[in-house]
Amino acid sequence: MRGLRAIITKEILSFFTSPTGYIVGMIFLLGTGIFFTIDLGNPFPEASLTRFFVGLDFGQTTFGGVTLILILIAPILTMRLISEEQKLGTIELLLTSPVRDWEIIIGKFIASFIFLLFMIGLTLYYPILLFLLADPDPGPIYSGYLGLILYGALTLSIGLLASTLNSNQIVSAVVAMGILLILYFADYASTVVTGFWSTFIQEIGIKSHFDDFHKGIIDSHDVVYFISITFLFVFLSIRILESRRWR
Amino acid sequence: MQNGNNQNRDWRRLSRAERVAQSDPENVGTQSRISGLVELLSNYSNPILIGAVVSLLLGIIILLFIDTLAPYALVLIGLGIVLLFGMGAISLSKVTSAFLSRSGKYGTNTLIMISAFVIIVIILNLLSIENNQRFDLTANNQFSLAPSTKELLNELDTPVKAIAFYPSDISENVDAITRFSKASDMLSEFSKRSNKFTYEIRDPDLEPDLARSYGVNAYESIVVYTDSGELTSIVQPSDVDYSELEQDLYTSMLIATSKGQKTIYFLEGHGEKSILSSSAKGYSTFKEVLNQDNYNTEILKWDPTDDNVFVPDDAALLVIPGPTIELPDSHAQTIHKFLQGKNPDDSERRESSRLIFLGEPDTPESFRALMAMWGIILQPGYILDLELGVTDNPNILRAEPMNLNQIRAEDFELLPPDQATIMVDALRSITSPESGQLGQVYMPGTTALVPVQDELRWPVPLTVTSPLSFLIDDPDRTDPIPPGEENADPMGPFFSSAYMLAVGQLGSTPLTAPPDPNQLTHVAIFGDSDFASNTFLSRGSGTNLLLNTVNYVLGDYSLISIRDRAFVYREFNLDANEYDFVRFSSWFILPGLLALAALSMWWVRR
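As you go down the protein sequences, you meet chains A and B in turn.
So the first sequence is numbered by my numbering: it starts at 12 and just counts up by one.
So the second sequence is numbered by my numbering: it starts at 6 and just counts up by one.
Since the hints were derived computationally from the structure, they do not count as laboratory data.
Only a predicted model underlies this, so the values are computations on that prediction, with no experimental measurement involved.
Some hints could be false.
[Said to hold, decoys possible] 20 Å max Cα-Cα, derived DMTMM-like pairs, lysine to aspartate or glutamate:
no., chain 1, residue 1, chain 2, residue 2
1, B, Lys-286, B, Glu-273
2, B, Lys-201, A, Glu-57
3, B, Lys-187, A, Asp-198
4, B, Lys-197, A, Glu-214
5, B, Lys-187, A, Glu-57
[Stated by the list, open to error] Chain B regions said to be covered by chain A (calculated; three or more residues, Cβ under 8 Å):
no., segment
6, 108-115
7, 140-146
8, 220-232
We put the beta carbon where it would ideally sit given N, CA and C, even for glycine.
Assemble the whole structure, with the sequences as input and the hints as a guide.
Here it is in structure tokens:
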């Protein structure tokens, strides 16, 4: 566990002591701020975080919000985690050091998750504004943030997997974004087909699993989905890193 | 390498077949042709393998999504499998060595572990779909379904499908978006509660034929049906807030699954109010809400000159709404028989005896006598409530539904055990259901009721006036005569509506054994008939009191808990300064702070 702690500390320091992390955070907060205030100009805006969470309403669907921003931001946060080590050759040092493969992956995952929590924590400014200036329903805010944390963890795990697959950071980010966009738009695709396939595609998609959270519902199935898929991608990352030893 | 090895092999180690083949010049030619083909295939192994995988995947995708192309899909799948196995057989040594090599062993091991993990994840998710728990954190439990809806969904034995016909081009219409969201949320809740309930959302503009085939001729309609049944129910949410959507869907499921529809008969012929009348005093709204609750409503018209009247056999409930002329004897006898569970010829009725009577201070004497025989006395005069009367119009009483909490424990202890049980059950169902305690009911010009309690009847008062109420016998007088003065008016509190469970009329022989459920007579009586009219029904808790009473009298307890759902809109109302502050601080303060942090980090690391 000492190895795990060392990895987490090193990665957290690298997140908080490099301008890149802050620039990513700045873009994240600018995007979420725009979505939070996007409805304010309309007559009778609602005192809720719906726009912040899921973006604009387009009749029968929504698009945007922090769920879309995370798809673009999470791969940027994770793209360097393993890719950089592979490119610089320091991965060999890591693999030969007294640190287990799972400690490397989980350590890097936890560090990026902590940085994501820091960014999400800054967005608490919006609900504070709501509580100060209006009377919002607190339930959907609590459940929305819980969902956001789970959703964020999933996006990071996919980013981490992409980073493990490739030594080129840009390629890693693009691959992760591609996977995440497919999972994001699966919800829209589910409306094209009907019956079993509609349900199946909806089950795979991440957006449909987040939708209940922002409405104020915590469904144990959605929680299980996010946690299990996050673990799956972290597990795949560990296996792929481990494969370097015998490939 | 392989060929070289073969050439160096000792001839004695050749198999018999090989030796025969080598000695035959024709075989040598064939063998060389086969070897050439194999070599050719080996040279193009990569493109062939890619082609095989593509063919296999394409075949599977077509097979899954396009039923009509299934034969071609099977050909593609077959081709893919043949190519894969063919290439595997040609490169058998490579495949074998790949599996037996160090990396092959590790790879297989990893593949097995990943497969196992994926299977575990799939099983976990499947289990969580089947056994999910939903926690509604919204302030007014906006997404929580009523227990009876959950029960109905859990008990579905046949798949129920819903198609919501909503236009997709509603992005400019905020109200339409809100209504769509509520419908979509509600249908989603239904489908998440039962895997036998599925729904789709279709655009009637894009698929007009589909909409027409279900008989849909308006936007925002939801069709509920089962594959096996012939009944299709079309839900058109009755109010703009969609506050009764859950009830509408519940009822439509009952209809679609052919759950029994009960018939309620409204008596006419004695000056009663009509369910077909949409005038201010008419009962058309009452009829509509009963239909929404899956009840069939019919008019039972008795000619006052006709002595051979009867209550149809399918009448689950008879309603007498505000009669104004006397009841002929023969008609009274038919109603008595009906309440005893018998037909006029004394044969047993299929449906048991249930009656709702809506009276007035000037209810004809014959109707008063009818109700008195069943233990409820309608007092002469009207109630003037100085505390609960409407300020400008004290004749309009705002009656308080009886609350279980208002009844003291010691009062309960005084009641016989049966009476206490019936009272708790009735009040819990009618005035204090799970969906919330009912509010005041507007009753214009109501009279007081005195229920008789004996060993054959168990009355439950439903609404009550304040202690500062008077029963005034002169309809033209609006000033009460207080106690102590001559001809003082009786003071309240009075009951303005009551439910009565009875076994036989007054004076019937006492029971020696617990009554059979079919022997029981259910009567609900209201001292006012105007409160159920089109003008007053929807005021206060009038609709809920009346519908809950109907549901309870008919034993449809499940419907009671599903009543209108309040959607609270919480507005983010800002003045110009607050608006600017919220906007600009959200855009610039936090991102600006992080930009500063990024700049300082760059400066330090520079």
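Going down the list of hints, with the structure as the test:
1. As the CA atoms of B:Lys-286 and B:Glu-273 are separated by approximately 15 Å, the hinted pair is consistent with the 20 Å bound.
2. For the hint linking B:Lys-201 to A:Glu-57, the alpha-carbon distance of about 35 Å lies beyond 20 Å, and the restraint is violated.
3. For the hint pairing B:Lys-187 with A:Asp-198, the CA-to-CA distance comes to about 19 Å; that is within 20 Å, so the pair holds.
4. Using a Cα cut-off of 20 Å, the hinted pair B:Lys-197 and A:Glu-214 holds, with the two alpha carbons roughly 12 Å apart.
5. Between B:Lys-187 and A:Glu-57 the alpha-carbon distance is near 15 Å, which keeps this suggested pair within the 20 Å criterion.
6. Taking a C-beta to C-beta cut-off of 8 Å, the segment 108-115 of chain B contributes 4 residues in contact with chain A, enough for the three needed, and the coverage statement holds.
7. Evaluation of the coverage hint for the segment 140-146 of chain B: fulfilled, as 5 residues show C-beta separations to chain A shorter than 8 Å, against a requirement of three.
8. Restraint check on the segment 220-232 of chain B versus chain A: 0 residues with Cβ-Cβ distances below 8 Å, three needed, restraint violated.
Hint compliance for this structure: hints 2 and 8 are broken, all remaining hints hold.
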